[in-house]
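Enquirer: Residue numbers (the working numbering), protein chains in the order written: chain F, 1010 to 1458; chain H, 1010 to 1458; chain U, 1010 to 1458; chain Z, 1010 to 1458.
Just so you know, same-sequence chains aren't split out, so a pair can sit in one copy or run between any two.
Capping the alpha-carbon separation at 35 angstroms, the derived lysine-lysine pairs in DSBU-like fashion look like this:
1. K1253 - K1178
2. K1369 - K1180
3. K1178 - K1369
4. K1253 - K1072
5. K1180 - K1072
6. K1046 - K1180
Bear in mind the hints are in silico, worked out from the structure with no lab data behind them.
Number of protein chains: 4
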Amino acid sequence: MISRVSVRLISRRCFSHSAVRREIRDIAELPDRIHPKYQEARNNDLLTLHWPSPPRNILITKKPSAPSITTLVIEYAQHIHSTYPSTNLIFRPATAHEIQCSLPFPIYTAFENRDTENDPGFQDKVDLICTLGGDGTILRASSLFATTDHVPPVLSFSMGTLGFLGEWKFKEYKRAFREVYMSGANAGYGSALLEDEHHHGNETHSGAAAAQSEHNLLSGWSSIRGKSMGPGRGARVLLRNRLKVGIFGADGQRVTEPETETAGGDVYAMNEVILHRGIHPHLAIIEVFIGGRFLTEAVADGMIVSTPTGSTAYSLSSGGSIVHPLVPSLLLTPVCPRSLSFRPLVLPANTPITLRLSEKNRSEEVEISVDGVRMSKGLRLGMEVRVWGEELERETHGLEKHEKTWRGGVPSIVRGSRSGLGENEDHWVGGLNGLLKFNYPFGDDGASQ
Amino acid sequence: MISRVSVRLISRRCFSHSAVRREIRDIAELPDRIHPKYQEARNNDLLTLHWPSPPRNILITKKPSAPSITTLVIEYAQHIHSTYPSTNLIFRPATAHEIQCSLPFPIYTAFENRDTENDPGFQDKVDLICTLGGDGTILRASSLFATTDHVPPVLSFSMGTLGFLGEWKFKEYKRAFREVYMSGANAGYGSALLEDEHHHGNETHSGAAAAQSEHNLLSGWSSIRGKSMGPGRGARVLLRNRLKVGIFGADGQRVTEPETETAGGDVYAMNEVILHRGIHPHLAIIEVFIGGRFLTEAVADGMIVSTPTGSTAYSLSSGGSIVHPLVPSLLLTPVCPRSLSFRPLVLPANTPITLRLSEKNRSEEVEISVDGVRMSKGLRLGMEVRVWGEELERETHGLEKHEKTWRGGVPSIVRGSRSGLGENEDHWVGGLNGLLKFNYPFGDDGASQ
Amino acid sequence: MISRVSVRLISRRCFSHSAVRREIRDIAELPDRIHPKYQEARNNDLLTLHWPSPPRNILITKKPSAPSITTLVIEYAQHIHSTYPSTNLIFRPATAHEIQCSLPFPIYTAFENRDTENDPGFQDKVDLICTLGGDGTILRASSLFATTDHVPPVLSFSMGTLGFLGEWKFKEYKRAFREVYMSGANAGYGSALLEDEHHHGNETHSGAAAAQSEHNLLSGWSSIRGKSMGPGRGARVLLRNRLKVGIFGADGQRVTEPETETAGGDVYAMNEVILHRGIHPHLAIIEVFIGGRFLTEAVADGMIVSTPTGSTAYSLSSGGSIVHPLVPSLLLTPVCPRSLSFRPLVLPANTPITLRLSEKNRSEEVEISVDGVRMSKGLRLGMEVRVWGEELERETHGLEKHEKTWRGGVPSIVRGSRSGLGENEDHWVGGLNGLLKFNYPFGDDGASQ
Amino acid sequence: MISRVSVRLISRRCFSHSAVRREIRDIAELPDRIHPKYQEARNNDLLTLHWPSPPRNILITKKPSAPSITTLVIEYAQHIHSTYPSTNLIFRPATAHEIQCSLPFPIYTAFENRDTENDPGFQDKVDLICTLGGDGTILRASSLFATTDHVPPVLSFSMGTLGFLGEWKFKEYKRAFREVYMSGANAGYGSALLEDEHHHGNETHSGAAAAQSEHNLLSGWSSIRGKSMGPGRGARVLLRNRLKVGIFGADGQRVTEPETETAGGDVYAMNEVILHRGIHPHLAIIEVFIGGRFLTEAVADGMIVSTPTGSTAYSLSSGGSIVHPLVPSLLLTPVCPRSLSFRPLVLPANTPITLRLSEKNRSEEVEISVDGVRMSKGLRLGMEVRVWGEELERETHGLEKHEKTWRGGVPSIVRGSRSGLGENEDHWVGGLNGLLKFNYPFGDDGASQ
Ligand SMILES: NC(=O)C1=CN([C@@H]2O[C@H](COP(=O)(O)OP(=O)(O)OC[C@H]3O[C@@H](n4cnc5c(N)ncnc54)[C@H](O)[C@@H]3O)[C@@H](O)[C@H]2O)C=CC1
Ligand SMILES: NC(=O)C1=CN([C@@H]2O[C@H](COP(=O)(O)OP(=O)(O)OC[C@H]3O[C@@H](n4cnc5c(N)ncnc54)[C@H](O)[C@@H]3O)[C@@H](O)[C@H]2O)C=CC1
Ligand SMILES: NC(=O)C1=CN([C@@H]2O[C@H](COP(=O)(O)OP(=O)(O)OC[C@H]3O[C@@H](n4cnc5c(N)ncnc54)[C@H](O)[C@@H]3O)[C@@H](O)[C@H]2O)C=CC1
Ligand SMILES: NC(=O)C1=CN([C@@H]2O[C@H](COP(=O)(O)OP(=O)(O)OC[C@H]3O[C@@H](n4cnc5c(N)ncnc54)[C@H](O)[C@@H]3O)[C@@H](O)[C@H]2O)C=CC1
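If we strip away everything but chain F, and leave its shape as in the complex, we get (with noise of 0.2 angstroms):
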């Protein structure tokens, strides 16, 4: 407990080099992330978001080097610290140290010199992303995750420049932020939830964060639930699949990106992977195989490897469809391809497919990028990217019905008009329609034809 004060009163100084340091926390002092439920609703294909104790430990992410959005940020931080006080807020490094001195509070984050195979990262700490920016800033949130299957819910702003997968806007931040906080705490099940929350405690808080576990019991939903619109409405969430990306050299042998972190392993995409020419002038040629089997030769700028959230993104400029989220599958798409028989292909979402540099290829590599970030090291002869649709499991075995839940993916907070029924689609439908224009109607001012 000394510590936490010290730290306080250090706060006030925050003009103080040294001082500064010592503000931002280690995110390894936190508890252990709770692992939320998502449970099915009926006649409904999104699921429901169910905490069995309140979200402790926040990430909030920004789009960078966007002064009006810190603000916002800040804005967003100092609310939920002072209505959810039992909640630790996490920034990524470079925004700790940019908004640190305008908040009278710890903030935590990874270190990025900690040692990553020992030290705990944002997927062992984080409860709930909050996100607050554009389409890009939820991919990066999302790739903080890309090597664990049990990325936190995610619950997205968009800012001014509107995005397709950001689902709420900003001056909604406070019904919004409630809504997912509270999600789950129904009467019915309290006071299991409330033992649950005992045994948790006990098993995962450690050192400092042990009081503060305490205190959530007693500060968490119960001292929130006035103010709620009720305990029983949950956050509607969208699973959105992801994809599995290997790569492996010649050798058969798996490469690391040593930036992103993936000790050897897989990392997920939420839009994509893909394949490109990048600066070489001449035409890419690619073997792709799906299900081990030889599929085609690829002449092109690039292939594309999507899932269906990536479909209206790049997939979506090289002349794919549209593919509803929900529907279990991988999108294989060329970019520019030198063949007037290349139609996009939509295949399941279980089927391994690999890309692999032929030998006609003229230049020595090829740019590998996953969700818009370019790897550091390209796909050179005899190397070969490995994609497999992520999937979303079921867990249901002995569990009682209401403790069944699905595990994988990007679970993404939708935003849920007020009516019921029938109005579940409302965000894709919503976002083709007012985002996408899709099917703009002709005529002089896009009412009528």
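Since chain F is already given, all that's left is putting chains H, U and Z with the ligands on it; use the hints.
Expert: What follows is chains H, U and Z with the ligands alone, placed relative to chain F:
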């Protein structure tokens, strides 16, 4: 029994007109159909066909008005009859009349003038469908089962004009039929099967067919087994999702298509349902709703709602993506839309889609076609077409592992390569490359770029 | 003169049925048409309209069965009649009958029961066409001149349902008409024009119309000039290439379409000619020849041969590129081709294109439509459709510079912006962006990305 | 003369390094180039090549780093040298160094270290270009003439990897060269030609080349004529429009690309100019103006402005229509636009098009490529790329009919079929079907549907 004898005699005098009539027997005389099981195989999205007892009632359909195919149908029928004496051959009425004189044994049909409410039809009797023709022949055969969710397995031979859905070449017919006939007749539950057959026989056979059933027990699998390539080899089945189409009048009541005998019910389509302006010169204006919510107003020649199977048919010509038949989805593809921004959509199979004529539409009605067959009445103002993807159900409840099965869809017998692993996609990838000339390489001979 | 007076008297008794008949006069009574010149302007691909003498015979066409437009037609006619008293107003027969009682002066038409071989038709008499309606109205008006290569200039007003070809808004009609009427009436060659007019008049006028011609000389331009914005301002004209369609029987003879009165001749289309399977369920199979050489066999719903003007009509919906109306070319665009590799083609305007039904085609005939109007007879085996781009000819031979002119095409009066240079493309670029929503930006309000 | 003899001697000692240097002569020594005429033929859009006197200076270019092609280049050069002794063979510097030892006669080049302002280059000396390689080789050869509007005729042989622009097969090289060499040397104006040649010779030849010119008069056409297939047969030429690209700095001044030696001038492209995001991960944002007027803001990977010739290159891969090389037009095709409604446009060849980086663009610059070659500097904010179609001019002023000619474009020698009429489109239609697999039929063998 007397009548049967006389029929046989008469059949030798096929030139006699009155005799001919009697030679074609009523399908009602046949034992009820046998429902096979479709079981999951390891590492394979295809299912394995398991007959509880040997199939008996074989429907053979063919492409109409193609004399050369008629000759092959006769050859095929004679082979089945002589090699599998306990089978009964069923034909559509027109085909039965066309070929009966060429066959020295009785054949069966469902007479057109029967009481469709009470008298049994193809869906009550057929164990196995064999089609000789092109994709149209398969579509027509499947539409004989447009009102049931238990379509018999389909063994399709493509004849000359090669189709995408037709799996087998005619010259393979002996091997193909044997493989299907024997499928699942493995040593393991041989005796159980015999018993089952007894039981089944007693329960369902009736009248003249009962004696024949006994014959089956002796002459069925056991008599063939020696010729088989080994009892354990099962035919592989691709369950092709259909979609269900209901047409509703302005009064909210289902509209019946008299010709398809769908008394007040919905029909299933294997490829697609299409609304099209048809002969009307002006663009059709159609409102599209998904999940009960307004999606868009299509100003177009027409609108296609297609299954993944149909993604290589009309939807392809209209610019839709190619969707693998195992992706549980529906395609919404406009035909010549008067819009720059109507990109084809791929929706979850369980999304209900509704199409309505807009009040702005200038003609009185638009055509409705199901699998390429135009309905006798078009869609008028106030009416609506409702479409759902067929749900393939996995029946597991209370069943032993080997009893679990799938239901729904069109169970299509896939032509397997002899080698095993990884070759499962053969038929589809092969069709893309070999038939649709997918990503056909530029260059002088199509072999090198 | 007597007859004219009596008509005037009679017109006051329009309720009398017999009187009505006489009030609509025969177009034959009018003086022959005046052919304007189209001269090149500096730095400008648009031409300038030059009347040798004021236009007299004005054809007004309208969208059928739209009562609100009929009212505006009457307003328009009354304005022309009272402001330009020396003009005569011509209508299509149905319109003439519909509105004559509302107009207190005689109107003209080409009666449908006239001897089309010998009696003059619209193409012999009309100086200027005004259309009130949408694109269809312009197409229908243009098709009244489908057999001549001298289409009168077209002043088109779009009414409500905005069209792409309609240049002017109805509320601008006074300015628009004055601009066109005065176009070329500049001081410079005023007297020459008067002479020309005399000459022309003597040669061509006849009967009752001769006196009126005299009147023109006094009341034409000179009476209006004061109201004009200056004599030198010429209306700008976009010459829209048409294409010429000839249909030939199996005997090699031209087939005549009775309804369009094209006695044995070819017809011009402003948008396109289309072959389409129409009501036949099966794909049409059409052989395409260019320059006499076999190009390809289209297996499709249909084939479009389009002008650049038509590139924003049906061809657009079928996936064709947008071609600027000043590119001398023909578009060959398939409708729903059963091919992955049938990319639309743009050919030189002078390439002869021939379309034939293949022997493999399964229906007896395919529909032929010209500018959206289906011909009474379809294309059958052995017949062929031959298409050429209309050649816009520059008549220069032995002419002074200011006399050079262009001939052919549909001379469409373009709506000019007040400012000068560089704004010539206004109408087309404006139409792309404003009406077709070309490259419509993504984002919330369509204003920002 | 002495120097030449010594060179010959030296050439036998090609292993000596110093000797080698002298064997490659400076192109400045050659007589100035001869400009052929391109005359219109009846019923034919192709032109006929007419040499006023036999061509002398032959540039031979080849695909780099392909040893097998080098061997054929030597074979080709030896054939030309021995059969047409009055010709001089020119190579690019690298090729000259690569092959000189294999050729027992002097060859010419334009040395890279020459004073490009004052010393003559390829465009001053080359009469005829022969390319051995693929489309890239033709593009590179054409780019040697990127600053002149008089490109010599191009005789292109495609080697192995078949190209779309390469007309001839290498095995035809003897016939092909003879046909081009003799083209226009018809009896009719033989003597006039001789005179012309005298005259021309006096005027332009200089130094050591003068004597050679005399030799030409004797050994040129007259010596070959016997071998020719008849003097009247002219080589047919397709004039391929290029486009002209100017790059302007923020200061409004032209930016020079040092490598292409285009001192302050514009360059011509045969295929296209492309702006592309290149290595930058974010979408490029480019403003497009046509005719000085804002057309649209492209948010895309890039923008292509292409000639009709380039319509089968990158523009095709990006979804553009195929435009026949004789349609005077420019294509505006976006590369992967983030828009559902950016349909490719075809504009009149004389429309000026301007591309600018938007202020919203996120990277500092975008790549500029001309005919597949990236410029050393990209396009930055404030700069602009201006593009015009090259105007093919018909020079008629004061000329006799047979003297009229065309100027501009890349005069490409088309491979003629022996038969006459109607076969003119051979090369293009043949290329579509044979190489690009245009509308390639579905079905088993590509032969029947
Ligand atoms: N994604 C794509 O389609 C890309 C296309 N290119 C094209 O390549 C051209 C440069 O050619 P290379 O240096 O050989 O590059 P490259 O080695 O990448 O080959 C380009 C391909 O385009 C073909 N090609 C070039 N011009 C053509 C034409 N006018 N019509 C039909 N095919 C044509 C060539 O035969 C070759 O197959 C550029 O002008 C550009 O048009 C360049 C980059 C990407
Ligand atoms: N699926 C489609 O896109 C179809 C298009 N059409 C087009 O309609 C034309 C006939 O027009 P209507 O009789 O009014 O039929 P309609 O009432 O079906 O309307 C056709 C639509 O096309 C527009 N249009 C016509 N010509 C155009 C042009 N040159 N550029 C841009 N838009 C144009 C009209 O404004 C109208 O919105 C035909 O020439 C054909 O091009 C006809 C049938 C189907
Ligand atoms: N423009 C087009 O592409 C049109 C396509 N069709 C399609 O034809 C089907 C009816 O077939 P038919 O009665 O034989 O008509 P049809 O004789 O017009 O032939 C249709 C063609 O489509 C092929 N086909 C049918 N289903 C297919 C599938 N699932 N995948 C790949 N190819 C397929 C057939 O092999 C045949 O080549 C309809 O369900 C519709 O999908 C019907 C009309 C026009
Ligand atoms: N030509 C193209 O369309 C290109 C697209 N991209 C896409 O951009 C993504 C990376 O995004 P940023 O880093 O923000 O790059 P960015 O700044 O280039 O923006 C990409 C655009 O795509 C939108 N976007 C991203 N994901 C989307 C989705 N799933 N659905 C709809 N729109 C989506 C964003 O809102 C933004 O407008 C990549 O995953 C890739 O899909 C990247 C490069 C080129």
